[in-house]
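Visitor: Chains B and C: place on chain A using the hints.
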Amino acid sequence: MPLLLKGAGVTVQIFIVSAVFAFIIAFIAGLGGVSRLKFVRVFTRMYVEFFRGTSLLVQMFWLFFAFPILLRAYGYDFSMSPYWAGIIALSLNYGAYASEIVRGSIEAVPKGQTEAAIALNMTRWQRMSRIILPQALRMMLPGFGNISIELLKGTSLVSLITLSDLTYQGQMIRNSNPGMADEVFLALLVLYFILALPLIYLSRFFERRASKGVAK
Amino acid sequence: MDWNNMCQTFNDKDNVWSWQYTCEIFPDLLDAMWVTISATFVAYFVALILGLFLTLGRRSPIRPVKWFFQGFLEFVRGTPPLVQLFFIYFGFPEIPYIGFEMSAFTAGVLGLGIHYSTYVSEIYRSGIEAVPKSQWEASKALNFSKGQTWLRIVLPQAIPPVIPMLGNYLITMFKETPLLAAITLMEMLNMAKFIGAKYFDYLEPFTIVGFLFLLLSYPSAILVSKLEKRMNRRFRQKNA
Amino acid sequence: MLKKGCMGRLNKKVVEHKSYQVKDPIVRYNDITKKFGDTVVLNNLNLEVGRGEKLSIIGASGSGKTTIIRMLMTLEKPTSGTIWVDGDYLWHKEVGGKLVPADEKHMRNVRGKIGMVFQQFNLFPHMTILRNVTEAPIRVQGLSREEAEERAVTMLEKVGLAEKVDQYPSQLSGGQQQRVAIARALVMQPKVMLFDEVTSALDPELVGEVLEVIKDLAREGDMTMILITHEMDFARDISDRIVFLDEGRILEQGSPDKILENPDSPRIRQFLSRFIGNSSVSGLATTK
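Residue numbers (the UniProt record's numbering), protein chains in the order written: chain A, 1 to 216; chain B, 1 to 240; chain C, 1 to 288.
Next up, chain A with everything else stripped away, as it sits in the complex:
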């Protein structure tokens, strides 16, 4: 059990760091997706489609196993720690999904809002930061809640690149205690569910608020 708790700590840490990066990426790519510059739009589109089109685990394996080979071949002395391979893959992957929520929410703000802001002579930046984003943010939150639950579940994959998270510790215990696999993995599921509960409640809360739709 202490091992599992230690693993849970690693899971939470990976989750938080990746979530922060993922949401930063989501905003950058989401804004890039509505840019007036075509090459920015095309570039973000490619990023999003690429990371949504391949699997998270494939991306993680590629970063962990293949990427260092590529760099070393070009003369960089480089090895990828499982920690960073995991975080980079998780952030880029969920960032791509979350950026679609950002983009969709920005596009869902009625056009009249932009027009009113232009009529008040606001700059492009003021229009985005004062008028569009605050309204879009409200629409994003339920989606962000769901993505964060997916991200928490996704962190379990880092165990497959030897990072000692909750799932990894479970595997270790199973290996050293034959015949206990059922208890171990059930405990693991329950622990993950407990970790997910606050996120589940948070996204419920956001959903209720969004469906009420009162601007306050």
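In case anyone wonders, no lab produced these hints; they're calculated from the structure.
Keep in mind that this is a model prediction, so the values were computed, not measured.
You may find that some hints are simply not true.
As the list claims (entries may be wrong) - Here are the simulated DMTMM-like pairs of lysine to aspartate or glutamate, each with C-alpha atoms no more than 20 Å apart in a straight line:
id, chain 1, residue 1, chain 2, residue 2
1, B, Lys-198, B, Asp-28
2, B, Lys-229, A, Glu-107
3, C, Lys-98, C, Glu-150
4, A, Lys-38, C, Asp-257
5, B, Lys-226, A, Glu-100
6, B, Lys-226, A, Glu-49
7, C, Lys-164, C, Glu-150
8, C, Lys-191, C, Asp-31
9, C, Lys-105, C, Glu-147
10, C, Lys-93, C, Asp-103
11, C, Lys-158, C, Glu-212
12, A, Lys-38, C, Glu-104
13, A, Lys-111, C, Asp-88
14, C, Lys-23, C, Asp-86
15, B, Lys-229, A, Glu-100
16, B, Lys-193, B, Glu-74
17, C, Lys-258, C, Glu-48
18, A, Lys-38, A, Glu-49
19, C, Lys-77, C, Glu-104
20, C, Lys-23, C, Asp-38
21, B, Lys-229, A, Glu-49
22, C, Lys-164, C, Glu-209
23, C, Lys-158, C, Asp-222
24, C, Lys-164, C, Glu-212
Guide: Frame of chain A; chains B and C shown alone:
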């Protein structure tokens, strides 16, 4: 001419990216792709059927039954599919009385199927809730039985509008099949890892696998979004 | 649709476009053409608006009325031609005697002279009434919060909504929201105010309160106002001139009495006949 001989014509084994190596391992990866694809479809089938039961169970008028299904949905959706796979493959056989051994393929499609049945059930639900209440009342007025109402009136109206969303989950599940590598199934990713370990070179196998995933999922995603647009048009016309 | 097209062609033979002299123009449209794809919305339009003038633009929907003022607000870009506002070109910059496309900075300078009220109000739902009105003075004009709030309250008093400062747009009726939108535009002290069918989205019983506010504004005098409206009585009351737009061209323009009572063009008579008898609730008589 034999495949490997043909591959040797590239003769670029020393390059960072070797086409000869790519060529040599390609048949194995392609074989593994069929495992991936068949696992996807079987798991998807499991999810579609199980999702329907979950949806019906959640609508049960009997409170404890309803709670059980809701709790199950919440729990399965809130926990990682990878751990669920471990539980089914390693843990389940050890459970006294009911446990039995399964092949990695069976455990894998069951695990993925169960996990995604909760998402599929959510989609069914949105479809069913979109069917107007008056349809239920009309069925009652015509004295249809409960089963007839579901089968002949409600589901035929609820399912077609949500087909594109269901299609999206087929693609999502396809991209989740690499998880089955963790329970020893020789699907694409596991094959790539196996090959990489054998030849001490991971670059080509993992890159090819990523490329194959993109090649299969991206066009399907475009297809689904086209379908979605067409469905939306049809749906709007109906409502107008 | 077909019938309308035929009528239009017939009429153009009868009525020639008359140019109209304006003493001290503040806005000038020169040879403006606007196309959306293959559709010509405005066809080589020339129009001058005098300083302090109250100008109403009427015409069937699809005649290009809204496009005229949306181009002046920089919400729509002319396909060709120039727009001149109070000493500067709006979409162009003069560089060495030549006109080149304007950059954002130049456009913002010119745009600052113009304010607009929209058909759908477009209040910011996430801000209180007070912040709706103070946001632009503070951010755009750099006023202090106190100064902006003082100005805002004065404007809100003018439209009769000073007590609503702490409420949100969703808590107000459509008519009240539109009055806030007017205050929000006024607080920027524009030289030219644009009103785009500001009562079309309102329930009939709420139209009056909004029109009263605009009438008061018109009576005060010095602001230039361009209005697009289907309220003929209102247009007659406040306008110095009425322009009748038909298929992207000015068919006829002149004093309200001339256009509304005795137009030369049968096309206008036909258009106006739809409003006779229900002009007091003419919000219902729009051509949508």
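Visitor: Indicate, hint by hint, whether the structure satisfies it.
Guide: Verification of the hints:
| no. | hint | verdict |
| --- | --- | --- |
| 1 | B/Lys-198 - B/Asp-28 | holds (13 Å) |
| 2 | B/Lys-229 - A/Glu-107 | holds (17 Å) |
| 3 | C/Lys-98 - C/Glu-150 | violated (43 Å) |
| 4 | A/Lys-38 - C/Asp-257 | violated (52 Å) |
| 5 | B/Lys-226 - A/Glu-100 | holds (18 Å) |
| 6 | B/Lys-226 - A/Glu-49 | holds (16 Å) |
| 7 | C/Lys-164 - C/Glu-150 | holds (15 Å) |
| 8 | C/Lys-191 - C/Asp-31 | violated (23 Å) |
| 9 | C/Lys-105 - C/Glu-147 | violated (25 Å) |
| 10 | C/Lys-93 - C/Asp-103 | holds (8 Å) |
| 11 | C/Lys-158 - C/Glu-212 | holds (11 Å) |
| 12 | A/Lys-38 - C/Glu-104 | holds (18 Å) |
| 13 | A/Lys-111 - C/Asp-88 | violated (28 Å) |
| 14 | C/Lys-23 - C/Asp-86 | holds (13 Å) |
| 15 | B/Lys-229 - A/Glu-100 | holds (18 Å) |
| 16 | B/Lys-193 - B/Glu-74 | violated (34 Å) |
| 17 | C/Lys-258 - C/Glu-48 | holds (19 Å) |
| 18 | A/Lys-38 - A/Glu-49 | holds (16 Å) |
| 19 | C/Lys-77 - C/Glu-104 | holds (13 Å) |
| 20 | C/Lys-23 - C/Asp-38 | violated (36 Å) |
| 21 | B/Lys-229 - A/Glu-49 | holds (19 Å) |
| 22 | C/Lys-164 - C/Glu-209 | holds (16 Å) |
| 23 | C/Lys-158 - C/Asp-222 | holds (16 Å) |
| 24 | C/Lys-164 - C/Glu-212 | holds (19 Å) |
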